[in-house]
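Number of protein chains: 2
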Amino acid sequence: MTGKFGGSPRRTTAEMVARAANVSRAAVSRAFNPDAPLKPEKRARILKLAEELSYTPDRAARALVTRRTHLVGVIVPDVCSPWESQEIDALTSALQAEGFATLLFKTRTDFSMDETLLAYMRGFNPDSVIAFTENVRPHILTRFLDRAVPIYINYVMEGGTDGRRPGEPETLFDRIDVDQWEGMEQAVALLAGYGCSRIAYLCGKEDFLAEHARRKTLQALMKRRGLGSPVIVPGDFSYDAGHAGMLDLFRVGEGADAVFAANDESAFGALDALRYELKLRVPEDVKVIGFDDIAQSHWRSYNLTTVKIDLEARVRAIVRLILRRLKAPQAPALSETVRTRLVVRGTVG
Amino acid sequence: MTGKFGGSPRRTTAEMVARAANVSRAAVSRAFNPDAPLKPEKRARILKLAEELSYTPDRAARALVTRRTHLVGVIVPDVCSPWESQEIDALTSALQAEGFATLLFKTRTDFSMDETLLAYMRGFNPDSVIAFTENVRPHILTRFLDRAVPIYINYVMEGGTDGRRPGEPETLFDRIDVDQWEGMEQAVALLAGYGCSRIAYLCGKEDFLAEHARRKTLQALMKRRGLGSPVIVPGDFSYDAGHAGMLDLFRVGEGADAVFAANDESAFGALDALRYELKLRVPEDVKVIGFDDIAQSHWRSYNLTTVKIDLEARVRAIVRLILRRLKAPQAPALSETVRTRLVVRGTVG
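Going down the list, the sequences are from chains A and B. Take the first sequence: its position 141, counted from the start at 1, is 141 in the UniProt record's numbering, and no numbers get skipped. Take the second sequence: its position 164, counted from the start at 1, is 164 in the UniProt record's numbering, and no numbers get skipped.
Simulated from the structure, these hints should not be mistaken for laboratory data. There may be inaccurate statements among the hints.
Here are some, though not all, of the chain A residues that point toward chain B, as calculated from beta-carbon distances under 10 Å [claimed, not checked]:
(1) L53
(2) S54
(3) V76
(4) E84
(5) L117
(6) G123
(7) E277
(8) R300
All residues carry an ideal CB built from backbone N, CA and C; glycine is no exception.
Generate coordinates for the entire structure from the input sequences, incorporating the hints supplied.
Structural data, given as structure tokens:
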């Protein structure tokens, strides 16, 4: 337990461990990388000796030489919403397997990513940064990154967009393109098949690319089928907004025979309002479709039909982008596409 | 955007920024600490110049001098379970406000925290590490920490425990003591008040301190009131286990007139099984109480009566422990206590 109090004045070096274990300096490094190939017995022996000598491969020191911190910054507005927490969970596992640790940065609740926080993040000199364009714009984030090329989650719309907004300077960033068209088309076809004619769209948070892309895509899909335009119900992705939105739609507005929610959590709020407050039957009186397919969507009380984003595929794509970019820092913008599909459960039928 | 590709060969120093801004070296450091007091105009001017000179206060470099990495490691089995995600969310906000970033480490799903992962974590040299004793035992974790004193979440039981298990060596770690007695006593009193005589306990994951402490505390509380022993229903904190547990209890076993679940999520599964599969009315036929008071517990489909752990108080206590420990690395074990209380909703009455 030497060095537990403030650390030993003189740190053990990898060379000292290599000598003690009678292995190469490289073997010592490999022993400390969970991902590097090494005979289990050899790794165990090296780690045991390293421990006895209280050696730690200080990444702070190594970072100065290799310019690799093995830190991946993830900028999120909120860790506790189901989708974000499930994505961070899967991403952390995947990054750990590649020898990276996840560094969490929370944006302010008003999503105004202030420059102090960006400068603060920059201080950790992450190897890569994953962000949602709603939280911080690429040209602003890039100004605050020393060398990391940010990865943005982009939601593709008809006509297409690279995530940049009019008038924004060209900056280098990599992209995950979530193609929502396929899954949403299946959803609209299902509703049409059940003869739904009056479809309401329960919005997500305003100014969110995901919200904007889902609304535009739904409008385009309904137009193609001659279903007119969706009834727009304000929302913010939350359970409570979904709940309140339904009370307004059915008590003040004209109601609807189907509700397409911008995410699953707000669909839960809509379902509960329809059943408990409005005494309507789902799916008999009103059909409900969500978006994401979070773990809670299979819960018996909701059993929600929803458009699934393949979380595993999305996480694998993000990790591929990070590794590709670290291999080729100079490469032009990289991108990967993630598809969506409809998962049919009990709220339509 | 200089240095965006691989970083500029020669880094700008804080002194260069101080000279350019005509301020002290200390003012430059303060400008980059979101928490440090500094006139907004002054901070803005320094950050603007730092940006123009593409200066970044490299914590990797500073860490070697100050031996502070400003990283707080959080070891969790799983980020996406509601309670953990809500705690990590609040903790990340609180730590950011103090100038720390949250470094996530996920344990293996079998909770066997393997030594490679610990050695890997040690490489990041965190200033502090927060862990749950189920994932890694104090004496093992401490061997892998260079200087950080770990903080453990401890669940107090009658008779008391400092979180150490029989035969484990004495090691220095700080502690959050969650006192479950008060809230659980209120829960048992409420059930007794409604004349419940046959109370089932839906278990959490075996070998979890939280599970062990909740079961023992419930047994002690029921004994005191002459309510006999709870019917033990196996579980693992998950929705699905709660759901399956009720089917076994009522279809194979003798049933119960009240169910106390080890956490809210498994209580949701129990509620859905009781209502949808077993066609029982809650609370008329069976009363249900959970533990945690996660955000989902107020959802209308569940509207769960539960024992609340004050998340904000718990997070504030953790941050206090980190700051106290960094001030006094040599201090003997520190601890803070977090209380619990019953939140009454619709599943008892």
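Name the hints, by number, that the structure is in violation of. 1
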